[in-house]
Structure formats: C-alpha cells, structure tokens
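**Student:** 1 is the number of the first residue of the sequence shown in UniProt numbering; add one for each residue after it.
What the hints contain is simulated information worked out from the structure, not anything from laboratory work. Where a beta carbon is used, it is the ideal one built from N, C-alpha and C, also for glycine. Hints may be right or wrong, so weigh each one.
[Stated by the list, open to error] No farther apart than 35 Å at their CA atoms in a straight line, the calculated lysine-lysine pairs in the DSBU-like style are these:
1) 200 x 264
2) 384 x 264
3) 269 x 200
[Stated by the list, open to error] Quick list of the computed label-pair ranges, beta carbon to beta carbon:
4) 82 x 264: 42 to 52 Å
5) 242 x 384: 40 to 50 Å
6) 274 x 10: 28 to 38 Å
7) 66 x 184: 15 to 25 Å
8) 185 x 273: 33 to 43 Å
9) 89 x 360: 29 to 39 Å
10) 158 x 35: 13 to 23 Å
11) 264 x 42: 48 to 58 Å
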Amino acid sequence: MSSVEIRASVSLAAIFALRMLGLFLILPVFAEHGKTMSGGDNLAMVGLAMGIYGLAQAFCQIPFGVASDRYGRKPVIIVGLLMFAFGAVIAALASDILWVVVGRALQGAGAISAAITALISDATREQHRTKAMAMVGGSIGLTFAASMVGAPLLYQAIGMSGIFWLTGVLAVAAIGVVLYVVPAVPVVKARRVALPEVLKNRELMRLNVGVFVLHLTQVAIFMVVPAALVQTLDLPLASHWKIYLPVVLASFILMLPPIFIGEKLGKIKQIFVAAIMMLLFVQLGLWWWLTQAGGAAWLLVGLLLVFFIAFNILEASQPSLVSRIAPPAAKGTALGVYNTLQSLGLFCGGALGGWLVQHAGGVAVFQVGAGLTMVWLIMAINMKNLPRRGQAAVAA
1 MSSVEIRASV SLAAIFALRM LGLFLILPVF AEHGKTMSGG DNLAMVGLAM
51 GIYGLAQAFC QIPFGVASDR YGRKPVIIVG LLMFAFGAVI AALASDILWV
101 VVGRALQGAG AISAAITALI SDATREQHRT KAMAMVGGSI GLTFAASMVG
151 APLLYQAIGM SGIFWLTGVL AVAAIGVVLY VVPAVPVVKA RRVALPEVLK
201 NRELMRLNVG VFVLHLTQVA IFMVVPAALV QTLDLPLASH WKIYLPVVLA
251 SFILMLPPIF IGEKLGKIKQ IFVAAIMMLL FVQLGLWWWL TQAGGAAWLL
301 VGLLLVFFIA FNILEASQPS LVSRIAPPAA KGTALGVYNT LQSLGLFCGG
351 ALGGWLVQHA GGVAVFQVGA GLTMVWLIMA INMKNLPRRG QAAVAA
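Produce the complete structure using the sequences and hints provided.
**Tutor:** Here's what the structure looks like:
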C-alpha cells in the first residue's frame, strides 16, 4: 500500500471505530446504571436506550450513502459526526431514561459507515482494498475490547454523563481528522446501485445474516453479564475492568494464530465456522451457568474469554470477506447492506435483550441467542470455501 492509502485507511478506520465507541462504551455499564435513572425500572427502556443507536443507523445508512455520492464523502461524514456529538450532549444532560433514548437515536442517525467505506474504496487500489476493509473490521474489534476494559474505569472516574461528554468531544476531534488527515481523493461518479444482484448472492446474504446475529447476541449478552459479575464476584461496576483487561488481552493473543493459519492455508471457511461454534458454545455455557443459580466464577470468566476470541475473529474478518465476495460493480452496495444488517443487530440486541430480561429472565437471552447462532452455523457450514486474498471473488 502507498503512503496515501495507508493514511486514508488508518484514519478512516479510526473514525469508523469512533462510531462504534459510542455504542461499546456503554455496554459494560449502562445496563446497571440505567436502573438508577428516572424510568430505569423499566428494563425494556434500558435495552431500548442501548439498542436505538443501531436502529437509527440502520434507517440512515442508505440515505447517507446516497448523499455521499451526490455531495461528496467528507461533507457527509462531517454532518454525521456533528449529529453524533449533538446526540452525545443530549444523553449527557439527561436524567430520565427517555432522553437518553432520544440522544442515542440522534447519535445513531448520523450514519456515516457507508460513506466511510465508500471513501476507503475511492482512496485505495483494488489490490489493496481488502487490506483496508480488514483494518475497519479490526478497528471494531479493538474498540470493543478497549471499551470493555476502559468503560468501568471511566464510569468510576467521570460517571455515565462524563462518558457521553467524552464521546461528543472525540466526535468533534474526528472532524479535524476528516479535514486535515484524511487525504483528498478524486471525485468518483455514482455507480449504478446493484441491490438486486447483492440480495440474490447467497454467500453475501450468509455474511449479512451472520453480522446481524453476531451484534444482536453481543449487545444482549451485556444486558446480563454486568449484573452477573456484580452478584457472583461481589465486584462493583467500576471494578469490572479487572476482569475485562486480562480476558481481552488474552483473547487478542489467541485470535491471531487462527486468522493467520486460515489465510495462509486457505482454511478461511473452517476458521470462520469454528468461531461461530465457539459463539454457540458461549451461549449454551452461559445458559447452563445461569441455571446453576450463579455457577462458578471461573466458568463465567472462561466463557467471556471464549466469547471475546470468537467475536474478534468474526468482526475482523467479515467486512473483508464481503468486499472480496461481492461482484466488482456492487462492492459499495454490498457493504451498505452489510452495515445496515449490523446496525439492525445492535438495535435488536438491546431491545430484545432488555425485553427478555424483564419478562423472561436472563436465561431466555441465552436461549434465544443460542437458537439464532445455531441458524447462522447451519448457513455458514453450507457456504462455499471462501477465497484466499487475491483470488477471484466467489460466484453467487
């Protein structure tokens, strides 16, 4: 990759990660914090506050992508970051859970994911685009891991309101990155939107279903895990980083060999399916753990480690795989559909997770998660063997 391509890819992946930071920083702490707010006794509303971000993104991904074709990538990204910052201010000032929902919705409505991926595509040559997309996927995994460790520490130091203020300030700083760090690229004429071609591609739809299930289960799990850590380990919310830090560090070390082996030996599908099986194992394990009326603490920590390994493998690989499998004339559209399903998964994870905890208990969260992951596993097993980097895209 040239220096311009590296600068574009790294800076845009960082901005993409900021969007996910707005969600991930509240995952480890908000399910418990929300209960202390006015209206927080309604766990469905707490879940909605966590998930509405994803729903707003899902509705706005395509309009923002179209606007980026018409008005340019950078102006659309800047508008989205301003909306994100304004929503953070509303959430930071809120004392009622309803206003947190409003702020989170506005944050999500600034849906710049499609514009960022389109700009990455504009700024990179075809032979290096997969690497750039992999940076985006990796940045999401890193952001999630950093949030799991940092959120409890930030919550202790500056509180929930301070976390929202921080994300707002970072969004404003990201505007400076867009203006002065992201390189200018030639204007690319809008291409024909090949949506029917993308929706008919079975390999792409398997990945789209996969990212939906992955993010649904991710958010839903953290409707239950923080309370489980408090009750099982008698560990206050602000100290949860003591669990997340070693688990996250170990997961990053353990995720690298499978990814390298999969790429080197052409075993990408096998690694992909194995990661989904790990995710299913976590759902079943947490289901069993809860039925033991609070099982062994070491088992809970071990299941979290397996979850982080599986999540990081899947999150780092899927955007790259979409860009490689998609027909050349429909890469942007394919990534737009992928981002939309990802956002819907975030919303459904929060809303459904909160509703299940409120009406059926935490066990139901893992029962539903296990069922959805099983469906995904069956679909993934029937995938064609995914191509090595540089190979021709898999035909639909």
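**Student:** Hints first: check each against the structure and report whether it holds.
**Tutor:** Status of the hints after comparison with the structure:
{"no.": "1", "hint": "200 x 264", "result": "holds (30 Å)"}
{"no.": "2", "hint": "384 x 264", "result": "holds (18 Å)"}
{"no.": "3", "hint": "269 x 200", "result": "holds (21 Å)"}
{"no.": "4", "hint": "82 x 264: 42 to 52 Å", "result": "holds (43 Å)"}
{"no.": "5", "hint": "242 x 384: 40 to 50 Å", "result": "holds (43 Å)"}
{"no.": "6", "hint": "274 x 10: 28 to 38 Å", "result": "holds (29 Å)"}
{"no.": "7", "hint": "66 x 184: 15 to 25 Å", "result": "holds (21 Å)"}
{"no.": "8", "hint": "185 x 273: 33 to 43 Å", "result": "holds (37 Å)"}
{"no.": "9", "hint": "89 x 360: 29 to 39 Å", "result": "holds (35 Å)"}
{"no.": "10", "hint": "158 x 35: 13 to 23 Å", "result": "holds (19 Å)"}
{"no.": "11", "hint": "264 x 42: 48 to 58 Å", "result": "holds (51 Å)"}
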